[in-house]
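Enquirer: Top line first, the protein sequences correspond to chains A and B.
By the working numbering, the letter at position 45 of the first sequence is numbered 52, and the numbering carries on one by one without gaps.
By the working numbering, the letter at position 53 of the second sequence is numbered 55, and the numbering carries on one by one without gaps.
Hints are computed from structural coordinates only; laboratory data are not their basis.
Keep in mind that the hints are not guaranteed to be accurate.
Examples of chain B residues lying across from chain A (beta carbon under 8 Å, computed) [what the hints assert, rightly or not]:
id, residue
1, 11
2, 12
3, 22
4, 25
5, 32
6, 33
7, 35
8, 37
9, 41
Once the Cα atoms are required to be at most 27 Å apart in a straight line, the calculated DSSO-like pairs of lysine-lysine come out as [as the list claims (entries may be wrong)]:
id, chain 1, residue 1, chain 2, residue 2
10, B, 100, B, 121
11, B, 62, B, 146
12, B, 49, B, 100
13, B, 36, A, 42
14, B, 9, A, 324
15, A, 42, B, 49
The beta-carbon is built from N, C-alpha and C at its ideal position, and this holds for glycine as well.
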Amino acid sequence: MSPELLEIVVWIVKVHVIFLGMVGVAAITTLAERKVSAWMQYRHGPTRVGPQGLLQPLADGVKFIFKESLVPDGANKWMFRFAPALAAGPAMLTVAVIPFGPDVTLFGVTTPFSIVDLDIGLMYILAIGGLSVYGVIVGGWASNSKYSLLGGLRASAQMVSYELSMILAILSVVAISGSLDLREVVMQQKTLGEWNILYQPVAFLLFLIAAFAETNRHPFDFAECEPELVSGFHTEYSAMRFALFALGEYCAMVVMSSVAVALWFGGFSVPFMPEAHWTLGILAFCAKVTCFLFFFLWVRWTLPRFRFDQLMNLGWKVMLPIALVHLFITGAVISFAPQLKSLWNGLVNGAS
Amino acid sequence: MVIVRRKELSLRERLYLPEIARGLSITFRKLFEKPITRQYPEEPLPKNEVTRGQPRLVVKDDGNIACVSCGMCEIACPAYAITIDGGETDRPIEREPKKFEIDMLRCILCGFCEEACPKDAIFMSDELELADYSRAALIYDLEKLKRPKSALQKRIDYVYRLNNRWRKSSSTS
Ligand code: SF4
Ligand code: SF4
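All chains, full assembly: derive it from the sequences and hints.
Expert: Below, the structure written as structure tokens:
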């Protein structure tokens, strides 16, 4: 085989591994969600399908496929059908730029383990990820139901307010690493002392809170808020269309976790082993992402939901000012005292 | 009228994050505790002689049914669940049921049939599960109702104990 052809084959393999792995992780997360919630409430969770209920996602999938996909009377048919794809698509597209592992050698070809290596990866994630809210709005609008409409409106308001703080938080990290390329950011955090969480803990906290709001997760899941809105934007959805919304949500969770890991927790770098083999790198990345996914579930089953005005207050009156001031301070530190960083480096390396 | 004053939140509580951490630690500890759910079909409910399950007919040790088809239980049944057709037999007792049906969908497990029976022929068993694919299959006939006396012995003893207590107190007064 010519090297060009081989490269294409390797690329196709990569796409499949990453994409299918992603959907698989999303499916497993649905099971994990039910199991974790059950354990936290002294229950067993699903136990019937397969050993310990491990095949539950498969059973769910089959069930979703065979259910009737209803379109309510008076709904805008085409928009209604299109919305789930619009919600799930962007979440899956953003997977493309996430650096899951270091350079990988497959069939003699060395290639970075991500679908594309975009040098504006972060911007791509923010831009495409922001699109997924359209799925929610369109779904809510097209359903011809007041609950769905309100859910969609809330989602849009929430996204606008939290996207700002999130971008500002990410900008602080971009400012100290000087790159929008996720792989580049990860490469700068080879050892434990270089992890950005040590330099940017406040930005991480802001990002984390905004990530919960962005992925529509508890305690900020106002778009589906059961007590007031039945099930919010997907009240009228059933079968596979409903499943697509859920899939989009879980994929978005994985992407957010991956971004957090890449930006603050050293991505695929293995602690204490800067020159580790690439398999270890991928494993380290997966382990870190798993911790984050668990955190998402953990928070969901711990906190009650906020009130919508509290959410808006928190977004505009607390998060945004803190993020702005934080970005300003970061910029000031970088431009006026570059020595500070080397001093800090010396301190951390001396301590470890 | 009750005036509820909102508690002034301390700075720590208003910051919210320490409180979230506290909540998270609580749920994390619960993660490792034993579930209290009963896995029903595998872990059945505890049953004893007080359990009032579905009524069953006693088959005496000599293999004959104890029922003489007097119809007392049929009359006593508040749900009209019992249907009896009497018939003759060569045994000295002369009568036995030719047809004895209890519609298990109508039976409310009240136990009146057990109380009414003068021949200790019908007792509440500890069988509780009831499921089938048709209504007709849940109208139990003689064959489905028969149980050897030994299987119902605990319940029989319990009923005797109850009744004896009643007899004693009425005789003293
Ligand atoms: S338990 Fe009550 S309802 Fe059931 S058959 Fe006996 S008398 Fe009728
Ligand atoms: S009351 Fe007792 S003896 Fe009389 S018909 Fe009913 S079961 Fe038979």
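Enquirer: Decide, hint by hint, whether the structure agrees.
Expert: Hint check results:
| no. | hint | in the structure |
| --- | --- | --- |
| 1 | 11 | 13 Å, violated |
| 2 | 12 | 18 Å, violated |
| 3 | 22 | 7 Å, holds |
| 4 | 25 | 5 Å, holds |
| 5 | 32 | 5 Å, holds |
| 6 | 33 | 5 Å, holds |
| 7 | 35 | 6 Å, holds |
| 8 | 37 | 5 Å, holds |
| 9 | 41 | 7 Å, holds |
| 10 | B:100 x B:121 | 17 Å, holds |
| 11 | B:62 x B:146 | 16 Å, holds |
| 12 | B:49 x B:100 | 32 Å, violated |
| 13 | B:36 x A:42 | 13 Å, holds |
| 14 | B:9 x A:324 | 23 Å, holds |
| 15 | A:42 x B:49 | 31 Å, violated |
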